[in-house]
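Student: This is what each chain is made of:
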Amino acid sequence: MRSFRGFVIKEFYHIIRDYRSLLILFGMPAVQLILFGYAIRNELTQARFAVVDPSHDVVTTELVNKMSSSHYLLFDGYLKSENDIHEAFKAGKIKEVVVFDRQFAHKLTHDGVADVQLIADATDPNMGRMITGQITGIIQQFQRSRMAGGTPGGIQINPQERMLYNPDLRSVNLFVPGLIAVILMLISALMTSITITREKETGTMEILLASPLRPMQIIIGKVLPYFFLAFLDVVIVLGLALVIFHIPFRGSVALFLGESGLFALTALSLGLLISSVADSQQTAMMMALGGLLLPTILLSGFIFPVTSMPWPLQWLSTIIPARWFLVIVRGIMLKGVGLAIIWKETAILAGMTLVFLFVSIRKFKVRLD
Amino acid sequence: MLPILFVMPLVQLIILVNAATYEIKNIKVFIVDQDQTQVSQQLIGHFEGSNYFTLDGRSAQVDDGKEAIHEGKADMAIVIPRHFQRDLKNTRHAGVQLLINAVDGSAASVSQSYASAIIRGYANQLTKESGAINISAGNIKVDDNNWYNPELKYTIYMVPGLLVVLVSMIGMFLTGMNIAREKEIGTIEQLNITPISRYQFIAGKLSPFWIIGMGELAAGIFIGWLLYSLPIVGHLWLIFAVAAIYLLVVLGMGLLISTVTETQQQAMFIAWFLLVVFILMGGLFTPLESMPLWAQKVTILNPIAQFIQVMRNVLLKGSGPLDISFQFVDLLIMAVVINGLAIMRYRKTHA
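First to last, the protein sequences are chains A and B.
Here the working numbering = 1-based position in the first sequence + 197.
Here the working numbering = 1-based position in the second sequence + 1157.
Watch out, some of these pointers could steer you wrong.
The following label-pair restraints were derived from C-beta to C-beta distances [as the list claims (entries may be wrong)]:
# : chain 1 : residue 1 : chain 2 : residue 2 : range
1 : B       : V1164     : A       : V310      : 40 to 48 Å
2 : B       : K1454     : A       : T399      : 42 to 50 Å
3 : A       : V310      : B       : F1163     : 55 to 63 Å
4 : A       : S342      : B       : G1214     : 33 to 41 Å
Here are the simulated DMTMM-like pairs of lysine to aspartate or glutamate, each with C-alpha atoms no more than 25 Å apart in a straight line [said to hold, decoys possible]:
#  : chain 1 : residue 1 : chain 2 : residue 2
5  : B       : K1340     : A       : D476
6  : B       : K1185     : A       : E542
7  : A       : K277      : B       : D1301
8  : A       : K397      : B       : E1339
9  : B       : K1223     : A       : E542
10 : B       : K1310     : A       : E284
11 : A       : K541      : B       : D1301
12 : B       : K1230     : A       : E284
Simulated from the structure, these hints should not be mistaken for laboratory data.
Note that the Cβ used here is the ideal one computed from N, Cα and C, for glycine as well.
Using the sequences plus the hints, can you model the full thing?
Tutor: Shown next, in the form of structure tokens:
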């Protein structure tokens, strides 16, 4: 046991001595959370649209005014004709063009119907859909207000919606808790993935193996210091999320910290697993970063909802630890759920951790002889 | 190492492209029917018939609906109040409550608009059946068109973007670790005593990775075209011309990191940090336009953001050299500055 304690202390010194890496380990998550917390949004804001208006009458001008005054849209100017639309889209600034019919107001009052065409640059399908929806809504509202005098005897069912947990639909509330999961995952896996490979590469592994420490002790001794670092990162990042972004925290802090500790352990042991498989630092890091970065961001539900994915990917996403932790973080922070509701996710993370640790220890043993 | 270089990125491209979609499907709905009449049943039937919704549980208590949302079993609860049918008959007017889990705000607003459309459609149907005149005069007919991507497929939007990220990731990590590795192992000394100049040294370090990057880009575009019918509207030479400059930026950045760090670990951390910032603030997953203005301005320093725009605009819309001249000049300046710095920072004397 004394030799084990000595080993852990040595590992701590190793980490603290490299102050540049230490600075990165603490500075990076904080900077990332702040940057991304501000920058990652998917609301529609100030989308530029242009107008082709051959009729230029009272009605079209009023409609354009209504659209311009929406804070989701930004009026970019008039185009001369429909032939200019392609050029405008190709330059990339304008996302939607509204094309009014000739003699719009005249047709509206005399024929009872007038056409307006909405042309979206749908390269980004989501953006295109949102802008078209926004403009359609403005036109419909305008129409309703014009008809307000003589309401026909139609039947009306009014849906009244209540947005639970996030009434202002702020995307920060979704993304910042998600960021905690993603940052923690990547930092932790990265930290441990190189520890063992470095010993292999520099040749100091033989010395460790010759010591009276058992493989289990070596592995735990390697993980322990990083676990403290990761946990400190959690506290820093959570503090920033609450202070800077005013993310609601409705659940229990103790539960949150416990779950974060568990998740840090999952990520650290995944890093260990990688380092016991890879034979050079370079390979280990390529696996930890190249292999984990995109799957963690894309398959965890951090940005794109898992339920919208095709089923093979939904199935694949179940092996991504961050997916389960995201449910836990969002649940605790935004919904205030307790362990009774997230026990399944917790159990899955615990199971994954055990499997990763078990496999790394087994792999490690093989290396002994 | 070789499978990691070639297979991992391309496999990721093929698989992950399908994950990136904002399309909302399979919204789980909990029904709270307090009216239990023919009309309320019909309304529920309309939700059942929709592709967007799946009914998941039903009760007469509002609290059961809230509970289902709390536990994550439902995304939305529809509350049809008592006397719904009676009110519609007598006053031609009734309300329905939608309780929506808004943790994901944008998904919530999409679900809400789908639900409202169904409810409005049902009301119109009732109106027609009751024989009232639908709409009097002055109807504005809205006709919407989705150019470049009429089926609103997310995959063709994501292929060019993800490909840029994968190519950059490989390039930056490899070059980032390269010199740091030589320092760590000590072989940098051997390189330092050879007669090659600093320029030759940097150029020699860059060129293999540059070739790998170009090859990977070509393979990725081919796979996108083959598997996801990625449209190639513009000129391919334009893509590769810009890519040639772009790769110099990314690889140069990796080398610069490599010259200022002592160990592979430090180099990796910094490369990773920059890469994640570039990706998440580069308009790949969330639109650039949604970012606050300062963040949009900063993209001028973000090579990934610039190249993703070029890829998407040229491949999907057929933008020409003039349309992308800003991005091209921006990348060119970055390439010159960064590689210049890398050459300056690399000194043979103190390794």
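Student: State for each hint whether it applies.
Tutor: Hints, verified against the model:
At roughly 58 Å, the beta-carbon separation of B:V1164 and A:V310 lies outside the given 40 to 48 Å, and the hint is violated. One distance hint, 42 to 50 Å for the beta-carbon pair B:K1454 and A:T399, holds here, with the actual separation near 44 Å. For A:V310 and B:F1163, the hinted distance range of 55 to 63 Å is satisfied, since their beta carbons lie about 58 Å from each other. In this structure the hint that A:S342 and B:G1214 lie 33 to 41 Å apart at CB holds, the actual value being about 39 Å.
For a cut-off of 25 Å, the pair hint linking B:K1340 to A:D476 stands: about 19 Å separates their Cα positions. For the given pair, B:K1185 sits about 20 Å from A:E542 by alpha-carbon distance, which is consistent with the 25 Å threshold. Between A:K277 and B:D1301 the CA atoms are separated by roughly 20 Å; this keeps the pair inside 25 Å, and the hint holds. Annotation: proposed proximity of A:K397 to B:E1339 holds, straight-line Cα distance about 16 Å (limit 25 Å).
In summary, the hint linking B:K1223 to A:E542 is supported, as the alpha carbons are separated by about 21 Å, within the 25 Å threshold. Pair hint B:K1310 plus A:E284 holds up; C-alpha atoms about 22 Å apart against a cutoff of 25 Å. Between A:K541 and B:D1301, the direct Cα distance comes to roughly 45 Å. Violation of the 25 Å bound is thereby established for this hinted pair. The straight-line distance between the Cα atoms of B:K1230 and A:E284 is roughly 48 Å, outside the 25 Å bound, and the hint therefore fails.
Violated hints, listed in ascending order, are 1, 11, 12; each of the other numbered hints is respected by the structure.
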